[in-house]
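Based on the provided sequences and hints, a complete structural model is requested.
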Amino acid sequence: MSEQALVGSSSNGNISALSKVTKADPEALEDLRRKLKYFFMSPCEKYRARGRKPWKLMLQILKIAIITVQLISFGLSNEMMVTFTEENLIAFKHLFLKDYQDRDSIHTIYTKSQVHDHINYVIMRYLTLQNVTVGNHAFERIHGVFTPLSLCQEFYRHSSISPSNETFDIDPHVEKGLTGSDVLLCFRLLAVNIFLKVKAINLQTVQHDELPDCYNFSITIDLDNRAQSGQIKVSLTGEVEISVCKDWNVSGSISHFLMTVLFDSLVILSCLLSLLLCIRSVISGVQLLSEYSWFVSAHCGRSVSWSERMEFINGWYILIIISDTLTVSGSALKILIHSKELTNYNVCSILLGTATILVWMGVMRYLGFFQKYNILILTLRAALPSVIRFSLCAVLIYLSYCFCGWIVLGPHHENFRTFNMVAYCLFSMINGDAIYSTFTKLRERSWVVWLFSRIYIYSFISIFTYMVLSLFIAIITNTYETIKQQQQDGVVFSELQAFIAESRNASSSGMDDSDKEEDSPGCLCLCGGAD
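For the sequence shown, UniProt numbering assigns the number 1 to the initial residue and increments by one for each residue that follows.
No wet-lab data here; the hints were simulated from the structure. Treat each hint with caution, since some may be false.
Unchecked claim - Taking lysine-lysine pairs in the DSSO-like style, the calculated list, with each CA pair at most 30 Å apart, reads: (1) Lys56 with Lys35; (2) Lys372 with Lys46; (3) Lys246 with Lys197; (4) Lys246 with Lys93; (5) Lys197 with Lys340; (6) Lys176 with Lys98; (7) Lys35 with Lys53; (8) Lys176 with Lys197; (9) Lys246 with Lys98; (10) Lys233 with Lys199; (11) Lys112 with Lys233; (12) Lys46 with Lys56; (13) Lys93 with Lys197; (14) Lys56 with Lys441; (15) Lys246 with Lys233; (16) Lys46 with Lys98; (17) Lys176 with Lys246; (18) Lys112 with Lys93; (19) Lys484 with Lys93; (20) Lys35 with Lys484; (21) Lys35 with Lys372; (22) Lys53 with Lys441; (23) Lys340 with Lys372; (24) Lys46 with Lys35; (25) Lys98 with Lys233; (26) Lys199 with Lys93; (27) Lys441 with Lys233; (28) Lys340 with Lys246; (29) Lys233 with Lys93; (30) Lys93 with Lys176; (31) Lys340 with Lys199; (32) Lys484 with Lys372; (33) Lys46 with Lys484; (34) Lys197 with Lys112; (35) Lys98 with Lys199; (36) Lys112 with Lys176; (37) Lys176 with Lys199.
This structure is a prediction, so every number in the text was calculated from the model and none was measured.
Right, here's the structure in full:
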């Protein structure tokens with residue numbers, strides 16, 4: 001019987017008619033079984049069966065090599081960009097903050113004279129920047145005019161405070177601007193913000209045969225007096241905008257640039273080829289699923305289960321398709337960056353980094369064909385539903401501790417000041433880190449808070465370190481033992497695999513012809529032993 005008899009349109013004949021045809025010709029059943037068997041073969045088995053070379057496997061190995069080299073190359077370029085930005089911000093702190101020292105603690109001042117001195121110091125350093133700095137810093141120029149430094153105050157509209165009499169009269173509305181020519185130093189002052197813009201060119205990339213970028217630093221110096229505690233915090237923050245230089249000329253050969261573009265083009269071509277091969281394999285699986293579903297419906301009067309359908313949709317191919325798409329996008333963006341058409345370093349690094357992870361993970365598919373190497377894949381796939389349900393419950397408990405620690409211990413412990421810091425601190429304690437420092441850094445000014453902190457930390461460690469982690473490991477271990485026992489017993493996992501295993505062909509090729517039989521036991525297995 002021809003293959004078209006199994007996959008013909010339902011408009012040309014009903015299911016009962018197709019059922020009679022398939023039952024009358026066991027060879028059609030065997031033909032479907034051989035195609036299924038060949039579809040689920042490993043690359044080595046397909047090579048032995050038809051001499052078909054494992055092109056996708058060889059292409060994936062090639063992709064791992066060239067994509068990893070590409071990522072390392074771009075990572076070095078990205079590192080120069082990040083290093084240049086961070087070093088400039090450190091230099092600006094030394095240039096514009098008076099008496100600044102490299103330390104983790106906050107730079108603070110306490111007297112009115114220090115406030116005036118710091119503001120005047122910033123102004124003078126800005127005016128003499130190009131004579132003082134050892135870098136290639138310069139002022140921003142718009143239409144031939146240098147951008148001036150800006151100073152802005154934040155203060156209450158009206159404030160009358162008398163701590164000695166314990167009285168105050170205040171209008172909480174905050175105004176911004178300058179009052180006359182001087183800085184307002186009284187109870188009304190909340191903050192003084194100084195804004196300035198500095199430009200620089202990252203010339204170190206020339207040494208690595210790359211074209212430089214232009215950097216525009218928007219610097220903000222903040223003198224924070226919002227707490228009104230007698231201590232003004234001085235900080236410098238900066239936002240960086242990387243742009244393509246307007247007029248540039250680099251002497252020398254451009255061979256390195258051309259080699260980089262050619263290499264990136266090779267990556268794009270290999271990923272496009274891999275993308276097409278994987279899409280073709282996915283389409284073949286969908287077509288074979290349609291043929292198998294039609295046969296089961298016609299021959300057994302039942303529909304194919306969801307688990308059986310998912311066996312035809314290879315998740316590894318989907319993973320490779322996603323990685324190829326990310327790699328092509330990232331490589332194209334990388335070419336534009338090196339040709340100085342764009343400067344989206346962060347987007348490109350995320351695309352290439354994620355693609356590299358998926359490419360390396362995609363090769364695990366081929367290790368899964370070997371029984372001794374696929375235990376990790378099978379265990380993760382089988383344990384995933386249980387792990388997700390367990391993690392959901394654990395996350396609820398974890399979030400409850402995060403909110404509680406943030407509200408209660410935040411004012412008394414520097415590791416609990418923000419919700420993010422609480423989450424980081426608790427997660428590190430699960431791994432056994434920072435437990436001692438968490439105890440010692442607590443301000444022991446209230447015995448109630450001190451006692452609560454001990455109960456809080458001890459209970460958290462007991463629940464998560466000893467109970468949650470142990471149960472999590474037990475879920476993985478139990479799944480591993482189950483999979484291992486099934487492999488030793490040779491258990492058939494699905495009706496589809498049982499149907500394929502009933503092939504009359506003794507060879508592993510799945511392509512040899514066999515003697516016809518009037519009744520196929522595989523049909524009964526496929527239909528669950530129905531008449």
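Comparing the hints with the structure gives:
At most 30 Å may separate the alpha-carbon atoms for a hinted pair to count; Lys56 and Lys35 meet this at roughly 19 Å. Pair hint Lys372 plus Lys46 holds up; C-alpha atoms about 20 Å apart against a cutoff of 30 Å. Proposed proximity of Lys246 and Lys197 is supported: the alpha carbons are some 18 Å apart, at most 30 Å. Pair hint Lys246 plus Lys93 holds up; C-alpha atoms about 28 Å apart against a cutoff of 30 Å.
Note on Lys197 and Lys340: the hinted pairing holds, with a Cα-Cα distance of about 23 Å set against a maximum of 30 Å. The hinted pair formed by Lys176 and Lys98 meets the criterion: a straight-line CA distance of about 25 Å does not exceed 30 Å. Between the alpha carbons of Lys35 and Lys53 the distance comes to roughly 18 Å, so the proposed pair stays at or under 30 Å and holds. Between Lys176 and Lys197 the alpha-carbon distance is near 20 Å, which keeps this suggested pair within the 30 Å criterion.
For the suggested pair Lys246 and Lys98, the alpha carbons sit about 35 Å apart, so the restraint of at most 30 Å is broken. A hinted pair counts as satisfied when its Cα atoms are at most 30 Å apart, and Lys233 with Lys199 qualifies at roughly 26 Å. At roughly 13 Å between alpha-carbon atoms, Lys112 and Lys233 fall within 30 Å of each other, so this suggested pair holds. Proximity of Lys46 to Lys56 is assessed by CA-CA distance (about 12 Å); at most 30 Å being required, the pair is judged to hold.
In summary, the hint linking Lys93 to Lys197 is supported, as the alpha carbons are separated by about 14 Å, within the 30 Å threshold. For the hint linking Lys56 to Lys441, the alpha-carbon distance of about 56 Å lies beyond 30 Å, and the restraint is violated. Straight-line distance between C-alpha atoms of Lys246 and Lys233 comes to about 39 Å, which puts the hinted pair past the 30 Å bound. Under the criterion of a C-alpha separation no larger than 30 Å, the hint pairing Lys46 with Lys98 is inconsistent with the structure, at around 73 Å.
About 36 Å separates the Cα atoms of Lys176 and Lys246, which puts this hinted pair outside 30 Å; it is violated. The straight-line distance between the Cα atoms of Lys112 and Lys93 is roughly 21 Å, inside the 30 Å bound, and the hint therefore holds. For a cut-off of 30 Å, the pair hint linking Lys484 to Lys93 is broken: about 60 Å separates their Cα positions. The straight-line distance between the Cα atoms of Lys35 and Lys484 is roughly 29 Å, inside the 30 Å bound, and the hint therefore holds.
A C-alpha spacing of about 26 Å is found between Lys35 and Lys372, which places the hinted pair at or below 30 Å, so the restraint holds. The suggested pairing of Lys53 with Lys441 is violated, with an alpha-carbon distance near 63 Å, which exceeds 30 Å. Between the alpha carbons of Lys340 and Lys372 the distance comes to roughly 49 Å, so the proposed pair goes past 30 Å and is violated. For the suggested pair Lys46 and Lys35, the alpha carbons sit about 12 Å apart, so the restraint of at most 30 Å is met.
Between Lys98 and Lys233 the alpha-carbon distance is near 13 Å, which keeps this suggested pair within the 30 Å criterion. The straight-line distance between the Cα atoms of Lys199 and Lys93 is roughly 15 Å, inside the 30 Å bound, and the hint therefore holds. Taking the CA atoms of Lys441 and Lys233, the gap is near 22 Å; set against the 30 Å cutoff, the hint holds. Taking the CA atoms of Lys340 and Lys246, the gap is near 10 Å; set against the 30 Å cutoff, the hint holds.
Straight-line distance between C-alpha atoms of Lys233 and Lys93 comes to about 14 Å, which keeps the hinted pair within the 30 Å bound. Taken as a hint, the Lys93 and Lys176 pair is honoured in the structure, with Cα atoms around 25 Å apart against an allowance of 30 Å. Restraint check for Lys340 and Lys199: the C-alpha separation of about 18 Å stays at or below 30 Å, so the hint holds. Annotation: proposed proximity of Lys484 to Lys372 holds, straight-line Cα distance about 10 Å (limit 30 Å).
At roughly 26 Å between alpha-carbon atoms, Lys46 and Lys484 fall within 30 Å of each other, so this suggested pair holds. For the proposed pair Lys197 and Lys112, the alpha carbon gap of about 26 Å is at most 30 Å, so the pair holds. Note on Lys98 and Lys199: the hinted pairing holds, with a Cα-Cα distance of about 21 Å set against a maximum of 30 Å. Between Lys112 and Lys176, the direct Cα distance comes to roughly 20 Å. Compliance with the 30 Å bound is thereby established for this hinted pair.
A threshold of 30 Å between alpha carbons decides the hint, and for Lys176 with Lys199 the separation of about 27 Å falls inside it, so the pair holds.
Hint check: violations occur at hints 9, 14, 15, 16, 17, 19, 22 and 23; the rest are consistent with the structure.
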